[in-house]
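Got chain B; can you put chain G on it based on the hints?
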Amino acid sequence: MRATAWAVGGAAALGWPLVAPRYFVFLATLVAVNAVVAIGLNLLSGYTNQLSFGHAGFLAVGAYTAAILTLRAPALPVPLTLLAAGLVTALVGLALGIPCLRLDGLYLAMATLAFGFVVTEAITNLDSLTHGNDGLRVPLARLGPWLLDTDRSRYYLTLAVAAAMILAALNVAATRTGRAFLAIRTSEIAAQASGINAAALKTVAFVLSAFYTGVAGGLFAFVVGFLSPDAFDVFLSVDFLVMIILGGLGSVWGSVAGAAIVTVLNDSLAGFQAYRPLVFGAIMIAGMLFMPGGLAAMTRRQS
Amino acid sequence: MSGPALIHVVVSGLATGCIYALGALSLVIVYNATRTVNFAQGELLMISAFVAWTAQRAGLPLAAALVSGVVAGGLLALLLERAIIRRAVSATHWDVLIITLGLSLALRAAAGIVWTNEELPFPALFSNRPIAIGPVRVAPVSLGVIGASLILMLALVALFRATRFGRAMRAVAQNQTAARLMGISVERVYAGSWVLAAVVGGVAGVLIAPVTFLSTKMGLIAINGFTAAVLGGFGSLPGAVAGGMLLGVIENLAPLYLPTGIRYSVPFLVMIAILVARPRGLFGTLERRKV
Numbered sequence: 116m117r118a119t120a121w122a123v124g125g126a127a128a129l130g131w132p133l134v135a136p137r138y139f140v141f142l143a144t145l146v147a148v149n150a151v152v153a154i155g156l157n158l159l160s161g162y163t164n165q166l167s168f169g170h171a172g173f174l175a176v177g178a179y180t181a182a183i184l185t186l187r188a189p190a191l192p193v194p195l196t197l198l199a200a201g202l203v204t205a206l207v208g209l210a211l212g213i214p215c216l217r218l219d220g221l222y223l224a225m226a227t228l229a230f231g232f233v234v235t236e237a238i239t240n241l242d243s244l245t246h247g248n249d250g251l252r253v254p255l256a257r258l259g260p261w262l263l264d265t266d267r268s269r270y271y272l273t274l275a276v277a278a279a280m281i282l283a284a285l286n287v288a289a290t291r292t293g294r295a296f297l298a299i300r301t302s303e304i305a306a307q308a309s310g311i312n313a314a315a316l317k318t319v320a321f322v323l324s325a326f327y328t329g330v331a332g333g334l335f336a337f338v339v340g341f342l343s344p345d346a347f348d349v350f351l352s353v354d355f356l357v358m359i360i361l362g363g364l365g366s367v368w369g370s371v372a373g374a375a376i377v378t379v380l381n382d383s384l385a386g387f388q389a390y391r392p393l394v395f396g397a398i399m400i401a402g403m404l405f406m407p408g409g410l411a412a413m414t415r416r417q418s
Numbered sequence: 487m488s489g490p491a492l493i494h495v496v497v498s499g500l501a502t503g504c505i506y507a508l509g510a511l512s513l514v515i516v517y518n519a520t521r522t523v524n525f526a527q528g529e530l531l532m533i534s535a536f537v538a539w540t541a542q543r544a545g546l547p548l549a550a551a552l553v554s555g556v557v558a559g560g561l562l563a564l565l566l567e568r569a570i571i572r573r574a575v576s577a578t579h580w581d582v583l584i585i586t587l588g589l590s591l592a593l594r595a596a597a598g599i600v601w602t603n604e605e606l607p608f609p610a611l612f613s614n615r616p617i618a619i620g621p622v623r624v625a626p627v628s629l630g631v632i633g634a635s636l637i638l639m640l641a642l643v644a645l646f647r648a649t650r651f652g653r654a655m656r657a658v659a660q661n662q663t664a665a666r667l668m669g670i671s672v673e674r675v676y677a678g679s680w681v682l683a684a685v686v687g688g689v690a691g692v693l694i695a696p697v698t699f700l701s702t703k704m705g706l707i708a709i710n711g712f713t714a715a716v717l718g719g720f721g722s723l724p725g726a727v728a729g730g731m732l733l734g735v736i737e738n739l740a741p742l743y744l745p746t747g748i749r750y751s752v753p754f755l756v757m758i759a760i761l762v763a764r765p766r767g768l769f770g771t772l773e774r775r776k777v
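Listed in order, the protein sequences are those of chains B and G. Our numbering runs 115 ahead of the 1-based position in the first sequence. Our numbering runs 486 ahead of the 1-based position in the second sequence.
Isolated chain B (complex conformation):
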């Protein structure tokens, strides 16, 4: 049963660009990018109960790192670029995470909110590096001799990266650190009493979450092809939160489902910009009132 689900899902993901029109290939790529962000955010929010309003900031750091790196070193293979984007963002996450160690809940949320604003302001003002408000055109990604110049090629790149990151997230509970995350989620105090260094692990979660989001940012840069600071505002961070609330806090597949729904919804509401936040707001309220565990909890209850 499980194996069949994997096989069908895998075949559908691999075959999608062969049957779907170009635009839907692009949309599916965006879903995969957002799924990586949602998983990253969920590692933080779902596992260690820390809310972040700054993930658009992390995404921006990753995206700009990848874009600037490709501009300066066009021959760099794309996996290395993405890794660099992830590592730089993780470093930023560490720099933000260590001073924020003492904060919890609301205070941390507000610190991340402020972080998000500071990142967009920094991008706007670092003209020489980022071209500020004029935006930055991202060169094509390169993988050895191949130039990733089609939607299809970028789809497969994103799919491969997303698959690896989903697998890693699914198996996080197989590691000592992952089990410690789960212990913190259940009860931070009980986890501390069992000898888990909650403060250190929360920083690890922060850095890991930033890494995921940074890699996603790199993918985002290549997929969208154009970056400007206003694309990374606080409302994007809220979109990411909607994804994991809808999908279910602490669930990897829930994050993927939430990312898919929000991305497609965002796209279908593109013609009704005024109503988009109304719909998203309603989803958040209804989600919390009527299905607090998200989609993940609903399927769990049925089985």
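Since the hints were derived computationally from the structure, they do not count as laboratory data. Don't take each hint at face value.
Said to hold, decoys possible - Using 25 Å as the maximum straight-line C-alpha spacing, the simulated SDA-like pairs for lysine to any residue come out as follows:
hint	chain 1	residue 1	chain 2	residue 2
1	G	LYS703	B	ALA346
2	G	LYS703	B	ALA389
3	G	LYS703	B	ASN381
4	G	LYS703	G	TRP601
5	G	LYS703	B	VAL349
6	G	LYS703	B	THR239
7	G	LYS703	B	ALA401
8	G	LYS703	B	ASP348
9	G	LYS703	B	ALA122
10	G	LYS703	B	ARG391
11	G	LYS703	G	LEU548
12	G	LYS703	G	ALA610
13	G	LYS703	B	ARG217
14	G	LYS703	G	PRO609
15	G	LYS703	B	GLY250
16	G	LYS703	B	ALA288
17	G	LYS703	B	LEU380
18	G	LYS703	B	PHE350
19	G	LYS703	B	VAL394
20	G	LYS703	G	ALA544
21	G	LYS703	B	GLY386
22	G	LYS703	G	VAL681
23	G	LYS703	G	ALA541
For chain G alone, coordinates are given in the frame of chain B:
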């Protein structure tokens, strides 16, 4: 910079600070009663300003229009608390936080649909042309905002100290279970604190709208209110006022000494700095959480 010019900047900083202080007070009032932050506080403030604008356009005298805006904000808060927040009272604070975040998105979009997403000029009670008081030049609008805010703050002090409802709110803030055992209706205090916060925020909204223009984005000012509240130690009402004033003055002085590029980041940098250095605020005390 000359002394009188500096005073001008500080006075306009204090005026901005009063608005932040009122925003901070409204957040803290809800927080003290319900232990959650209302992310839609800024949007309630924005709707108050829009209603006042509509009422004035409909022919009401300006003062009456402003009052009607504030009252409308209070009523909307009551409605939201009764219809949505109360259903989630048994839920965690986390859930309520996300609900208010959803409310803020929905209210902003709704205001954009009902009114407009454009910026609108808002009728001013006070002129912004500077007048001379001795060697110092100050804008009447600054003095008006400061005066109106101080009156409202004094009214709040009276409310919290002298009325039954105010004492009930303080009791709930101190210990909810004990308050309930003393026969206080905690639910009524929840609803009352939402209304009171919306009224305080609404006053801030109609006072600042002539300066910042009326727009659906003006709710973002609540973020500065939050910074102000954190600066003063979240949960403390005098701290909220002091934090607001301090933030307003810092924000107005900073552009004189800092490059223009980081000007708009100042409130956020202040927030990060204060959270990192003194998470409980300048005047706050450490709150021990019991298992």
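Hints, one by one, checked against the model:
1. G/LYS703 / B/ALA346: Holds. G/LYS703 to B/ALA346 sits at ~17 Å (cutoff 25 Å).
2. G/LYS703 / B/ALA389: Between G/LYS703 and B/ALA389 the Cα gap is close to 13 Å, so the pair holds against 25 Å.
3. G/LYS703 / B/ASN381: Cα-Cα ~20 Å, so holds.
4. G/LYS703 / G/TRP601: Roughly 13 Å separates the two Cα atoms, so the pair holds.
5. G/LYS703 / B/VAL349: holds, 12 Å
6. G/LYS703 / B/THR239: At roughly 20 Å apart (the allowed maximum being 25 Å), B/THR239 and G/LYS703 satisfy the hint.
7. G/LYS703 / B/ALA401: Satisfied, since the Cα-Cα distance of roughly 24 Å is no more than 25 Å.
8. G/LYS703 / B/ASP348: Between G/LYS703 and B/ASP348 the Cα gap is close to 13 Å, so the pair holds against 25 Å.
9. G/LYS703 / B/ALA122: Distance ~47 Å between G/LYS703 and B/ALA122 Cα, so the pair is violated.
10. G/LYS703 / B/ARG391: With Cα atoms ~15 Å apart, G/LYS703 and B/ARG391 stay inside 25 Å; holds.
11. G/LYS703 / G/LEU548: Roughly 23 Å separates the two Cα atoms, so the pair holds.
12. G/LYS703 / G/ALA610: Given that 25 Å is the threshold and the Cα spacing comes to 19 Å, the pair holds.
13. G/LYS703 / B/ARG217: Since the Cα atoms of G/LYS703 and B/ARG217 sit roughly 32 Å apart, the hinted pair is violated (cutoff 25 Å).
14. G/LYS703 / G/PRO609: holds, 18 Å
15. G/LYS703 / B/GLY250: holds, 23 Å
16. G/LYS703 / B/ALA288: violated, 42 Å
17. G/LYS703 / B/LEU380: It holds: about 23 Å lies between the C-alpha atoms, which stays within 25 Å.
18. G/LYS703 / B/PHE350: Distance of about 12 Å is within 25 Å: holds.
19. G/LYS703 / B/VAL394: holds, 18 Å
20. G/LYS703 / G/ALA544: holds, 23 Å
21. G/LYS703 / B/GLY386: The hint holds at about 21 Å.
22. G/LYS703 / G/VAL681: Measuring from Cα to Cα gives roughly 22 Å; hence the hint holds.
23. G/LYS703 / G/ALA541: holds, 20 Å
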